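Visitor: So the sequences go chain by chain: X and W.
In terms of this note's numbering, the first sequence is residues 1 to 111.
In terms of this note's numbering, the second sequence is residues 1001 to 1115.
Bear in mind the hints are in silico, worked out from the structure with no lab data behind them.
Be careful, since some hints might not be right.
Calculated cross-link-like contacts (lysine-lysine; reagent style DSS-like; alpha-carbon spacing at most 25 Å) [said to hold, decoys possible]:
# : chain 1 : residue 1 : chain 2 : residue 2
1 : X       : Lys-98    : W       : Lys-1065
2 : X       : Lys-65    : X       : Lys-9
3 : X       : Lys-22    : X       : Lys-65
4 : X       : Lys-98    : W       : Lys-1007
5 : X       : Lys-57    : X       : Lys-22
6 : X       : Lys-65    : X       : Lys-15
All values reported here derive from a predicted model rather than from experimental measurement.
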Amino acid sequence: AQRVTQPEKLLSVFKGAPVELKCNYSYSGSPELFWYVQYSRQRLQLLLRHISRESIKGFTADLNKGETSFHLKKPFAQEEDSAMYYCALSQRGGSNYKLTFGKGTLLTVNP
Amino acid sequence: SAVISQKPSRDICQRGTSLTIQCQVDSQVTMMFWYRQQPGQSLTLIATANQGSEATYESGFVIDKFPISRPNLTFSTLTVSNMSPEDSSIYLCSGRLFANTGELFFGEGSRLTVL
């Protein structure tokens, strides 16, 4: 079974401070990991995925297979980063994808 | 990318009634899924909507309670049957556009309140 754990339900930082949202996963196969974000009154949208190895809005996430982690990081948080962040896992290369979500972390960036 | 539209966006329903949520995608998606997001909870997959055949339900969800249709590649419906207050939730439609990735696009969600 695949499982995603986000240990922090709430995270509050000040503007300009570094931020790290933690995500650990459990999966026996080859995973594909994602971070989704939901801003206030907006739909859930993809922030980034590990196979792209890209930085979006200053956020990066590295897949660490040894630690089974996919933490989301940003060196300098901005107020507009305040949102709900979900880590998600899917089977990689399979024909019947199912995306499993963590419980989410509500990030608040204070001025 | 794909734009997914859901309606209704919200509704207040009486116990024992049923409500159908519609999901329209602006492009042909390979797969469509229905999720539920209960208050304060994460997203839980209800079922995979299969075109032209019965949906594939996850553990804890049954067709009699959540009948799903997908007559073509761009449209699906989810019915919440015989509703109770425990069904109060946000129901999300999602679609997978590309065959080689698990990336999903989501609708705005349908917020149901059952009295």
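Visitor: All hints, please: hold or fail.
Guide: Quick rundown of the hints versus the structure:
1. X:Lys-98 x W:Lys-1065: 21 Å, holds
2. X:Lys-65 x X:Lys-9: 23 Å, holds
3. X:Lys-22 x X:Lys-65: 14 Å, holds
4. X:Lys-98 x W:Lys-1007: At roughly 24 Å apart (the allowed maximum being 25 Å), Lys-1007 (chain W) and Lys-98 (chain X) satisfy the hint.
5. X:Lys-57 x X:Lys-22: It holds: about 18 Å lies between the C-alpha atoms, which stays within 25 Å.
6. X:Lys-65 x X:Lys-15: 31 Å, violated
This entry does not satisfy hint 6, going by the numbered hints stated previously; all others are met.
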